[in-house]
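Please take these sequences and the hints and turn them into a complete structure.
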Amino acid sequence: MAINYTLSSDRELYRYLSMPEHRERAFEEIYRRYGQRIYAYCRKILFNTQDAEDAFQNTFLKFLSSASPDREMTNLPAYLLTIARTTCMDMFAHRHEHAELVEDFHGRPDQTVEANEINELIEMALQLLPAQWREAVIMQLYANMSYDEIASAFGVPVTTVRNWLCRGRQRLREILQPYFEERHVEHPE
Amino acid sequence: MTPMEQLSHRDMIDLFLDGQLPAEMRSVFFAALAASEEFQADFHRATVIHAAAHRHAQTLQPPPALTASILAAATPQVPASRTRSGWFHTKALRTIALTAVATVIGFFIGRLSGPLPSITKLAMQSEHAAAGNAVAGQYTTRQAIPTSQNTPTAHTTTAQPKSTSPVALRTPSANEDTAPIPSDVLTAVAVMPLPTPALPVDSSPASLQPLPPPVGHTLEQYSAPLPLPPAVEEPEEEFILSIRQTTPLVLRQQRLLSPLSSSPLNNTMIAAEYRERTVSILAQCGYEQFPIYEVTAAADGTPQYTLRQLLWWVGGGMRVYAPRAEEGLFRTLRPMAGIVLGTSQYGVLGRGELGLSWEVLPHLSVQCLLEGMVHSHGIGTNWEHAEKLSASIGLAFRF
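In order, the protein sequences belong to chains A and B. The opening residue of the first sequence carries number 5 in this note's numbering; numbering runs sequentially from there. The opening residue of the second sequence carries number 19 in this note's numbering; numbering runs sequentially from there.
Hints should not be assumed to be uniformly reliable.
[Said to hold, decoys possible] Over 12 angstroms on every C-beta distance to chain B, these chain A residues come out as not near it, computed from the model:
#1 7
#2 8
#3 10
#4 11
#5 13
#6 131
[What the hints assert, rightly or not] Below, a list of computed lysine to any residue pairs in the SDA-like style, where the Cα atoms sit at most 20 angstroms apart:
#7 A:66 <-> B:86
#8 A:66 <-> B:90
#9 A:66 <-> B:83
#10 A:66 <-> A:95
#11 A:66 <-> B:89
#12 A:66 <-> B:92
Since the hints were made in silico from the structure, they are not lab data. Cβ atoms here follow ideal geometry from the backbone N, Cα and C, with glycine treated the same way.
As structure tokens, this is what we get:
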């Protein structure tokens, strides 16, 4: 019987990973669903493209090797995010002291100069946030994770995540306020 | 009052943009937005940041070569053997066995580090002091005593307690110096070792010549017991309250996240300990960052896995300390080893500890430990294990 992997639930796809005949296609579908979000998270957390690509690859390899038929997967994106988070922590721990932590926003053909500028400022402002707020904001803004998924990845209640996100984004706005005032974009018409 | 009712207007902005603002709060939000220019400006900044971040996230795509490399890893493979390994290779048992071996090694290293148990030394000192303060006449030497007249003679000197000794103050009379001492006097007095530098002794009359007085020496030095170093008292029993902060070095989660390592997250542990000499019993509790999957049974009996990252645990166990050394490096550094068995809200656990207690002050120690922990959790036969090796440092207050 042919299986439509696109219509399969996360739980079914995870179960297919343990079946040799379905493994490749199921993994492809999981990658298609969550690859970009996990990649964006790694990029924003590690702030270095090469490290982010390594962490991203390791995340999916660990995920694949940990697949087990005995396990019922209830929250696949949170599970992937947990692995990615741990992998990124490893990267931080082993990162070279003088590693170049520069994300190149300039020269992106697909974005305007103004968009590049504000992205760069947001990036810099994120670095000024407390670690947990920053991580939660990155998961939400860039990896498009829900409150539940972030809470599951951190192992904290959803209300705590909501609090971190509100505080973090308010601080982000406070840090960027001079930019908005200088650019006179305070009151859009 | 519900948590939602405590929201500030600024909180509402973020919840609104996330689609999390409850319907009943929206009218409040829009009213506030219409009433305040400052609020509008804040809302505008939020929307600009939100939109910019989302647009930028869409541009972050994994490179095609990386995607191809990752997808290639999912090629069909032969299923792993379901044969279980031998009992010793089961991770939990192996960890416990290694912990026990480390405990025994730590205990013996600790014993070797101290030359003598303190209790024995104290006993020796007491005996020595008693001898030195005994009745005058018990300290006897046959050595020649230097005199001012250089008369050949033999002397028996009697020691007194240092504070009352007349020997050092008294100048011997001429008769005493020249009168021969009967040989039975020499043998009648009990001869006991005197804690003075060894000098040549010859009892033949010809050799009993006075020796030249050694420079800087007085008679008192030959007669009084040598001062002993103050005894370091080992308390018979102590109550120890300690708090430690740990950081995991290696973390492994069998079957789920293996290997999962080097999380920089910190954990806290508190221990209450009762020590008698070198052995103690303790109660310990901890708050751990320990990503495990809780296994519960669904309604149809199938196991459900839920990620739990934080766990509280309590346990009890024992520790052994190396005996306190009297001098040298190990006078304040005491090797210690311990084992703790306990339970968390999800399963049982075992811990092994190996480290040093640095007794910096009479009632304060710094503890540095290397700790191994194995945690088993699950239901029925579907148990899983997570293991962690961590380093900890903390303070211990001794009463």
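*Which earlier hints can't be squared with this structure?*
Checked against the structure, no hint fails, so every one of them is satisfied.
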